[in-house]
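K.L.:
Could you put together the complete structure from these sequences and hints?
For the protein sequence lines, the chains are Y and F, in the order given.
Using my numbering, you'd call the opening residue of the first sequence number 1 and step up by one each time.
Using my numbering, you'd call the opening residue of the second sequence number 1 and step up by one each time.
Heads up, a few of these hints could be off.
[Claimed, not checked] Residues from chain Y shown here face chain F by an in silico Cβ test under 7 Å; the list is partial: (1) 25; (2) 64; (3) 82; (4) 83; (5) 107; (6) 110; (7) 113; (8) 116; (9) 127; (10) 133; (11) 134.
[Stated by the list, open to error] Derived lysine to aspartate or glutamate pairs resembling EDC-like cross-links, with alpha carbons at most 16 Å apart: (12) 82/F <-> 80/Y; (13) 140/Y <-> 67/F; (14) 75/F <-> 80/Y; (15) 82/F <-> 126/Y; (16) 82/F <-> 29/F.
[To be verified] To be clear about the criterion: a stretch of chain F counts as covered by chain Y if any three or more of its residues have a C-beta under 8 Å from a C-beta of chain Y, and this derived list gives those stretches: (17) 19 to 25; (18) 52 to 59.
Simulated from the structure, these hints should not be mistaken for lab results.
Bear in mind the structure is a predicted one, so any value in this text is a computation, not a measurement.
Don't be surprised by glycine CBs; every beta carbon is placed ideally from N, CA and C.
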Amino acid sequence: MLVARAWKDEPSHPRAFDDEVVAANLRRAVSAAYYALFHQITMDAVGLIAPNVPASTNHRIQRWFNHTEMKAICVRFVPEKLERPLRDLIGESASPDLQTVARNFIQLQNARHRADYDLSYDLTWDDAYELLELASEGVKAWQHIQGSAEANVFILSQLMWKNWERER
Amino acid sequence: MKTTEEQDLMEKAKAEQFVAETPMMEGVESVRVELDEDHTGDPILWLVFRLRPDLKFDRPIARRFNEYAAVIQTKILHSGLKRFPHTRLERAA
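P.N.:
Listed below in structure tokens is the structure:
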């Protein structure tokens, strides 16, 4: 649903807008695409770590997740052979779906940062389509593994990594 | 994450090798590799895909493109290179 919202942010009649409005809308669509995947993961995280917390306060727990740290943790899930302690927890490597989630998250976060803060970034329609599709694929891949042991380890890694590092 | 110039060149050459050995998607004219940093200051690779001027880059093509780019990215990531491979698109004149 969130990705559909991102696609909706895509301006559908480019000739009806002037260039600056189109550029602003493309940037907003890229930002929404990143947050679609971010919220998909963090909403599931809240369900895992705080199942009885009322939905109205879930957003407070979602704020525990730090964007930069999430990117750094995603990097740990993309190698062919995982390092400890991940290897001990989920096996030799992450599933292709989890690797897609991690890879797309990293790309989208960087793109979102450029779209929001780098005014020299000449974001094109091609880029926007590519990035919105990355979010769509990332969400689908996440839904394939939702609730699995590796997905849960991925979520817990986002919050617990510093504790786990002692095991290395 | 610090990198040395020697390591940078090795990573770029290795990435170029993976690009060269992956059959190019129809509509992509060429691919080049650039070194850069991401928004957090971590060293990255840009895979810059030059698209044919007449390619209609709609949602189905974007999906096919992402599959193609993911093959190259996975080769890079699985080879142990330290720089994350980001993608960038540009149009041939």
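K.L.:
For the region 52 to 59 of chain F, do at least 3 residues have a Cβ located nearer than 8 Å to some Cβ of chain Y?
P.N.:
That given contact holds, which follows from 3 residues of the region 52 to 59 of chain F lying within Cβ reach (below 8 Å) of chain Y.
K.L.:
Between residue 82/F and residue 80/Y, is the straight-line Cα distance small enough, at 16 Å or below?
P.N.:
Roughly 13 Å between the alpha carbons, so the hint for residue 82/F and residue 80/Y holds.
K.L.:
Mind checking the CB of residue 133/Y against every CB in chain F and telling me if the closest is under 7 Å?
P.N.:
holds (4 Å)
K.L.:
Does residue 29/F sit within 16 Å of residue 82/F, going by the straight-line distance between their CA atoms?
P.N.:
Not OK: residue 82/F and residue 29/F at ~27 Å, beyond 16 Å, violated.
K.L.:
When the nearest CB of chain F is found for residue 127/Y, is that gap smaller than 7 Å?
P.N.:
Residue 127/Y check passes; min Cβ-Cβ to chain F is 6 Å, inside 7 Å.
K.L.:
Return the status of the interface hint for residue 116/Y: holds when the least beta-carbon distance to chain F is below 7 Å, violated otherwise.
P.N.:
violated (10 Å)
K.L.:
Answer holds if the nearest beta-carbon of chain F is closer than 7 Å to that of residue 64/Y; otherwise answer violated.
P.N.:
Residue 64/Y check fails; min Cβ-Cβ to chain F is 19 Å, beyond 7 Å.
K.L.:
Can we keep the residue 110/Y interface hint, with Cβ of chain F closer than 7 Å?
P.N.:
holds (5 Å)
K.L.:
Hey, residue 140/Y versus residue 67/F, does the alpha-carbon distance stay inside 16 Å?
P.N.:
With a Cα-Cα distance of about 14 Å, the restraint between residue 140/Y and residue 67/F holds, given a limit of 16 Å.
K.L.:
Would you check whether residue 107/Y satisfies its interface hint, that is, whether its CB is within less than 7 Å of any CB in chain F?
P.N.:
holds (6 Å)
K.L.:
Under 7 Å, Cβ to Cβ, is where residue 83/Y needs to be relative to chain F, so tell me if that hint holds or is violated.
P.N.:
The hint is violated - residue 83/Y has no Cβ within 7 Å of chain F, the shortest such distance being about 11 Å.
K.L.:
Straight-line Cα separation of residue 75/F and residue 80/Y no greater than 16 Å?
P.N.:
holds (9 Å)
Figure legend: structure checked against the earlier numbered hints; hints not met, in rising order: 1, 2, 3, 4, 8, 15, 16, 17.
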